[in-house]
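*Asks:* Place chain B on chain A using the hints.
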Amino acid sequence: MGDRGPAGALPTAASPAALAFPIELRGASKSFAGIRVLNDVSFDMRVGEVHALLGENGAGKSTLIKILSGLYRADEGEISINGRAVKFATPREAHAAGIATVHQELLLFPELTVAENIFLGQAPKTHWRLLDWQAMRQRARQLLDSLDSPDLDIDAKVGTLSIANRQRVEIARALSQDARVLIMDEPTAALAEADVQRLMDIVRRLKARGVAIVYVSHRLSEIFALADRVTVLRDGNHVGTLDIGEVDENRLVSMMVGRAIDRLYPPKQGESGESLLELRHVAYRNVVSGISFDLKRGEILGIAGLVGSGRTETALTIFGITPATAGEILIDGSPVTIASPEAARDLGIAYIPEDRGSQGLIRTQTISENVALANLKRLSTGFMVDAAKVRKEAENAIRRFGIRARGPDQTVRELSGGNQQKVVLGKWLATNPRILIMDEPTRGIDVGSKAEIHILMRKLAGEGMAILMISSELPEVLGMSDRVLVMNGGRIVATFDRQDATPEAVGAAMTRAGGEKAA
Amino acid sequence: MTAARLLRHETILAILTVLALIVLANLSDKFFTAENLLNQGRLMSEVGLVALAMTFVIVTGGIDLSVGSILGMTAILLGVFWQNVGLPLPLAMVAALLCGTLAGLGNGLIITRFKVPPLIATLATLALYRGLAEGISQARSVRGYPEWFFYFGQGELLGVPFQLWLLGLLTTIAGVILGLTTFGRATYAVGANETAARFSGIRVDATKLWIYTAAGFLAGLAAVIFVSRVTTTRSDMGTGLELDVITGVVLGGTSIFGGKGTIVGTALGLILIQALKNGLALSGVKGDGTIVVIGVVLIAAILAGALFDRNRGG
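Protein chains in written order, with the working numbering: chain A, 532 to 1050; chain B, 86 to 399.
Isolated chain A, as found in the complex (with noise of 0.2 Å):
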């Protein structure tokens, strides 16, 4: 790499390696409706290196990614490119300048295949203006290949690929423009462990072709493993950019919630009471079977496993989405019959999904309406919903829950993810459930409210609530869970106690294949 062209030189896609300093971005600031969301913030690339782009939701990260990628436009400061400023009108022209974005919600096409989806919009054309598809799917290979990713078929339609594929298939995407600087948002949000170490390597490789890439996610432990330099944003503001070899993990954090967090996961208060859920032999097609289990008042019983374990589907059983096919389920020791959410919750299950945009939330509508929705019968009087009361239950979740937001008429989809996560707690919470089901309850957010919500969960349980939580993230199994059951293949195939629950004996369990039983 090392070897850097006389300054001004044309920045070409074959040397990237020319550009001492590919884009930099100085004093950048962008209001929404008069609210500073980013605030004077400088922030630079250089070839071959990973910069991590740290802080809690709200921060201002993904106002500064999409600044960097063309969809907004600073109010102050400028970009960059080797010295020479540019201003990006559109994303369109922030590609042609070298930046690709890998965003959270990838951007594809599913009904088209791998190779027509990297080429869109560019696909090589023959000498007649036609496709020319044995280029393009011979360039689809050899980038594909590039990627390490030999196994995957260039003429899969995309839909029916893995996240981790689509991932690959979008980041090579961004290769075939020839990308210079190649943004990651959160790109292990919704992946399985192994593909994440599978993704590391992608970034190293891409390292040390020379692109640089902006990384950004909650997971200091890849921030650690990946990156050069990190930077820190917090409520818009530039708190700092390091190289990483001077800060440690408890540093980053106090840097990114300006105050010290001192112990991640709560202890347990009080102690575990009678059964409160119990499951025998519990089936829903073939999909999950055999799940036997007791769930406590005042315990955390965590459910581990990779993606398509069953560990979602066991949950959606318990809440009705898709009722038991077979087997039994009780509550205070009778038998309950659930055949819809509604039902659910009437037996004082609550649950918090996985995907709460799609599925916790009516994004478009306003705090109050989606705190209501699960709780309508309680907020009306006979048909007519009691609007002051709509009002004081969102309120109410607005202070409990700390969520930052204008009021309960703000649009939920305006809020941060955590803050919407909140929304969804608060939403829930309000039906005064005993069971409590989350899922992937910490997913996507930044480490001040992940530790808010695991205060919460400790607190829920000191007072009672029993709770069920579905986490990909080990380290959160285990510290949160008083339980640790784990699922392979559609059914339990271990049980740990707190102190039994090592990450090696839980991992083991999670990736035995073919999930046979065990004691």
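By construction, these hints were calculated from the structure, which means they are not laboratory data.
Here a beta-carbon is modelled for each residue, glycine too, at the ideal position from N, C-alpha and C.
Misleading hints may appear alongside valid ones.
[To be verified] Just a few of them, taken from the derived set where beta-carbon distance is under 8 Å, the chain A residues facing chain B:
id	residue
1	L651
2	G652
3	P655
4	P872
5	E873
6	T895
7	A903
8	L904
9	L907
*Replies:* This is chain B only, laid out in the frame that chain A set:
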């Protein structure tokens, strides 16, 4: 403020309607008379009744193309029950209404039980119900209804056409249901995000079933009034009604993607269309010219709405 935000499109529409009324009143002195306006109200009642249910349907993100056919079928059944089966006329009315309601329930069942997209389901029943109407009627019309029956379509109460009272009453009820009740909240939720609604314990299928059934009922009610107004029953009654209804609802600001819309908007949309149709005709504009104007107004209103939406989005 939620109410203020929802009413934004309606405000534009109200201003547009008032402007249209002023312009039309100046174009023709026969337009802005009590007699003409009440008569126009009479003429828009059938579309208006169906549009109330259609607003709910479209707010859930669905569509009902079969309402015109249900109207035709109910009208035919009314005549057949009375003349051929020999039921007393009041009983025939009730029976025909019941059949219209069942036709709506049929739509709802196809859509909820078999997960057929509403567009496809009601496109099929549009043909099915119209076919039934034609098959039952054998291309014969039914006439000779007793004098009292014409009250529904031609009579007046306190100087105002009977069906306008009915439309006013049902509009108020529909407005209250959509705007203020738990059922209304469920309707918006289903249209805005069906999955999230289901995950919140909303009875999504039941909500839809009620709404499509109500659409059948109101199309049946419109059929009875239609027959009473024109004194005869024919199998092609209500052909194309669905398009007038949908135009009114969409002009009223209800999003075809669901989750947004009000009864006030629908009422304003219908009034605007009827005023344009009548006022332009009275001012000597030919029929095709009127259609062009309505098309332009529809596009303008939707663009204005979209513009406000974008400004708000920030």
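*Asks:* Compare the structure with each hint and give your call.
*Replies:* So, going through the hints one by one against the coordinates:
no.	hint	verdict
1	L651	violated (25 Å)
2	G652	violated (25 Å)
3	P655	violated (36 Å)
4	P872	holds (5 Å)
5	E873	holds (4 Å)
6	T895	holds (5 Å)
7	A903	holds (7 Å)
8	L904	holds (4 Å)
9	L907	holds (4 Å)
The earlier numbered hints that this structure contradicts are 1, 2, 3.
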